[in-house]
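With these hints in hand, go ahead and build the complete structure from the sequences.
Protein chains in written order, with the working numbering: chain A, 1 to 107; chain B, 108 to 347.
Hints in this document: simulated from the structure, not taken from any laboratory. By construction, the Cβ of each residue, glycine as well, lies at the ideal position given by its N, Cα and C atoms. Check the hints yourself; a few may be wrong.
Below are the SDA-like pairs computed for lysine to any residue, each with C-alpha atoms no more than 25 Å apart in a straight line [as the list claims (entries may be wrong)]: (1) Lys75/A to Arg138/B; (2) Lys109/B to Met78/A; (3) Lys260/B to Phe275/B; (4) Lys75/A to Glu176/B; (5) Lys260/B to Arg290/B; (6) Lys188/B to Gly219/B; (7) Lys75/A to Glu174/B; (8) Lys75/A to Ser65/A; (9) Lys75/A to Ala115/B; (10) Lys109/B to Trp31/A; (11) Lys177/B to Glu80/A; (12) Lys75/A to Ala114/B; (13) Lys75/A to Lys260/B; (14) Lys342/B to Trp31/A; (15) Lys75/A to Leu132/B; (16) Lys288/B to Glu329/B; (17) Lys109/B to Gly97/A; (18) Lys284/B to Ala295/B; (19) Lys109/B to Arg105/A; (20) Lys188/B to His41/A; (21) Lys75/A to Val331/B; (22) Lys177/B to Arg105/A; (23) Lys109/B to Gly48/A; (24) Lys288/B to His267/B; (25) Lys188/B to Lys284/B; (26) Lys177/B to Glu69/A; (27) Lys342/B to Thr30/A; (28) Lys75/A to Pro110/B.
What follows is a list of derived Cβ distance ranges for each label pair [stated by the list, open to error]: (29) Arg17/A to Pro203/B: 30 to 40 Å; (30) Met78/A to Gly297/B: 49 to 59 Å; (31) Ala68/A to Ala333/B: 38 to 48 Å; (32) Ser65/A to Pro203/B: 32 to 42 Å.
Here chain B is said to cover these stretches of chain A; the calculated rule only asks that three of the stretch's residues, wherever they fall, bring their Cβ under 8 Å from a Cβ of chain B [said to hold, decoys possible]: (33) 10–16; (34) 23–30; (35) 99–107.
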Amino acid sequence: MLTTDSDILRAAEAWVREGRGVALATVTETWGSAPRPVGSHLVIDDEGNFLGSVSGGCVEGAVVSEAAEVIADGKPRMMEFGVADETAWQVGLSCGGRIAVYVERIG
Amino acid sequence: MKPELLAALNAERAARRACVVVTRLADGSQRLVREDELVREPMARDTLAAPLAEALRTGRSAAIEHEGEKLFLNVHAPPVKLVATGAVHISQAMQPMARELGLDMVVIDPRGAFATPERFPSVTLLAEWPDEALARMPLDRYTAFVALTHDPKIDDPALHAALRSACFYVGALGSRKTHAKRRERLAASGFAEADIDRIRAPIGLNIGAVSPAEIALSILGEIVAALRAERVAAKAALVP
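Structure follows, in structure tokens:
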């Protein structure tokens, strides 16, 4: 891919070393017109700071709040967003695509 | 993800080696597979070796079904590098465009008056002869090389290195006449016709480019097309 996720992953490593709780979100599947390719990362810490992106900015909020729970209980989750899903309209993935985002704790 | 796996992944990325993070989605267990492991035991015998090799070849991450399990293969190919000889107007114009495209740009020019940080604030600038610079920083298959000086003393040694490497794009600035002479010199240096044919010349997409920025755009367009050749071919195959 043309844009690199290396800085995001380096930041994730540094955040973990600083003792922060950190979650990693990854786009695992896309259908239709998705703004970010499969494999894209968003890294989130336990204070809600984040780097990177898994969409054009429309579902990041929902992923960040789910990440807080993943950091708390350590259980990975698969989240899906799409226009067919009513909640997706609420978070606004209006580009017509659908995406699956895997959220896991680092540590 | 275990912190040790993340650290190993970042180490591979820093060393510009391709690898894949394999995640079993049912339980979140993960492992890192380095590209060079695929051809070695025990990985070579693993049934996952073929899908991993395919993912690395295309550079595309994907969720797959494998022996009744859903796996996610996240391919980490090194960031694409753009190496140019010539701290000239075209490479100056390329700087911001290359950055937006996510290309790590390196400019090599032994002429200190050209290779100044003031003119090249956002690239890795090497004010030395290309054969020395490229001996230290070899070109790999995630690298595009462009020769932009018009000066055979500088461009030719770099072209030698590029043609001996696996870089995915080699381009050289100059008219058809200049390039014909260049071909003669390369042949005299022992390069085969097929190797010399790898050089894109005249360089860049034919968009009638005139200004340095337009030429930079045409070259970067050609580089993106080379990088995405597989997508271009797949789309072309869909046209009835």
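Each hint tested on the structure:
1. Restraint check: the Cα-Cα separation between Lys75/A and Arg138/B comes to about 17 Å, which is no more than 25 Å; the hinted pair holds.
2. Our distance criterion of 25 Å between C-alpha atoms is met by Lys109/B and Met78/A, whose separation comes to about 18 Å.
3. With a C-alpha separation of about 23 Å, the suggested pair Lys260/B and Phe275/B falls inside the 25 Å cut-off, and the hint holds.
4. As the CA atoms of Lys75/A and Glu176/B are separated by approximately 19 Å, the hinted pair is consistent with the 25 Å bound.
5. A hinted pair counts as satisfied when its Cα atoms are at most 25 Å apart, and Lys260/B with Arg290/B qualifies at roughly 15 Å.
6. A C-alpha spacing of about 23 Å is found between Lys188/B and Gly219/B, which places the hinted pair at or below 25 Å, so the restraint holds.
7. Restraint check for Lys75/A and Glu174/B: the C-alpha separation of about 24 Å stays at or below 25 Å, so the hint holds.
8. Distance check on the hinted pair: Lys75/A and Ser65/A sit about 14 Å apart at the alpha-carbon level, within 25 Å; holds.
9. For the hint linking Lys75/A to Ala115/B, the alpha-carbon distance of about 22 Å falls within 25 Å, and the restraint holds.
10. A threshold of 25 Å between alpha carbons decides the hint, and for Lys109/B with Trp31/A the separation of about 29 Å lies outside it, so the pair is violated.
11. Distance check on the hinted pair: Lys177/B and Glu80/A sit about 16 Å apart at the alpha-carbon level, within 25 Å; holds.
12. Restraint check for Lys75/A and Ala114/B: the C-alpha separation of about 21 Å stays at or below 25 Å, so the hint holds.
13. Taken as a hint, the Lys75/A and Lys260/B pair is broken in the structure, with Cα atoms around 60 Å apart against an allowance of 25 Å.
14. A C-alpha spacing of about 17 Å is found between Lys342/B and Trp31/A, which places the hinted pair at or below 25 Å, so the restraint holds.
15. Restraint check for Lys75/A and Leu132/B: satisfied, since their Cα atoms lie roughly 12 Å apart, inside the 25 Å limit.
16. Taking the CA atoms of Lys288/B and Glu329/B, the gap is about 23 Å. The hint holds against a cut of 25 Å.
17. Our distance criterion of 25 Å between C-alpha atoms is broken by Lys109/B and Gly97/A, whose separation comes to about 31 Å.
18. Restraint check: the Cα-Cα separation between Lys284/B and Ala295/B comes to about 17 Å, which is no more than 25 Å; the hinted pair holds.
19. Proximity of Lys109/B to Arg105/A is assessed by CA-CA distance (about 8 Å); at most 25 Å being required, the pair is judged to hold.
20. A C-alpha spacing of about 21 Å is found between Lys188/B and His41/A, which places the hinted pair at or below 25 Å, so the restraint holds.
21. With a CA separation close to 39 Å, the supplied pair Lys75/A and Val331/B exceeds the 25 Å bound.
22. A distance of roughly 19 Å separates the Cα atoms of Lys177/B and Arg105/A; the hinted pair therefore holds under the 25 Å criterion.
23. Of the pairs offered as hints, the one joining Lys109/B and Gly48/A holds, with about 20 Å between alpha carbons and a cut-off of 25 Å not exceeded.
24. A C-alpha spacing of about 15 Å is found between Lys288/B and His267/B, which places the hinted pair at or below 25 Å, so the restraint holds.
25. At roughly 29 Å between alpha-carbon atoms, Lys188/B and Lys284/B are farther apart than 25 Å, so this suggested pair is violated.
26. The hinted pair formed by Lys177/B and Glu69/A meets the criterion: a straight-line CA distance of about 24 Å does not exceed 25 Å.
27. As the CA atoms of Lys342/B and Thr30/A are separated by approximately 18 Å, the hinted pair is consistent with the 25 Å bound.
28. Between Lys75/A and Pro110/B the alpha-carbon distance is near 16 Å, which keeps this suggested pair within the 25 Å criterion.
29. A hinted range of 30 to 40 Å holds for the C-beta pair Arg17/A and Pro203/B, which are about 33 Å apart.
30. Restraint check, Met78/A to Gly297/B: a C-beta distance of roughly 56 Å satisfies the suggested window 49 to 59 Å.
31. The given range of 38 to 48 Å is respected by Ala68/A and Ala333/B, whose C-beta atoms sit roughly 43 Å from each other.
32. The given range of 32 to 42 Å is respected by Ser65/A and Pro203/B, whose C-beta atoms sit roughly 36 Å from each other.
33. Judged by the Cβ-Cβ criterion of 8 Å, the stretch 10–16 of chain A is covered by chain B as claimed, because 4 of its residues qualify and three suffice.
34. Taking a C-beta to C-beta cut-off of 8 Å, the stretch 23–30 of chain A contributes 4 residues in contact with chain B, enough for the three needed, and the coverage statement holds.
35. For the stretch 99–107 of chain A, the proposed coverage by chain B is satisfied: 6 residues have a C-beta within less than 8 Å of a C-beta in that chain, meeting the threshold of three.
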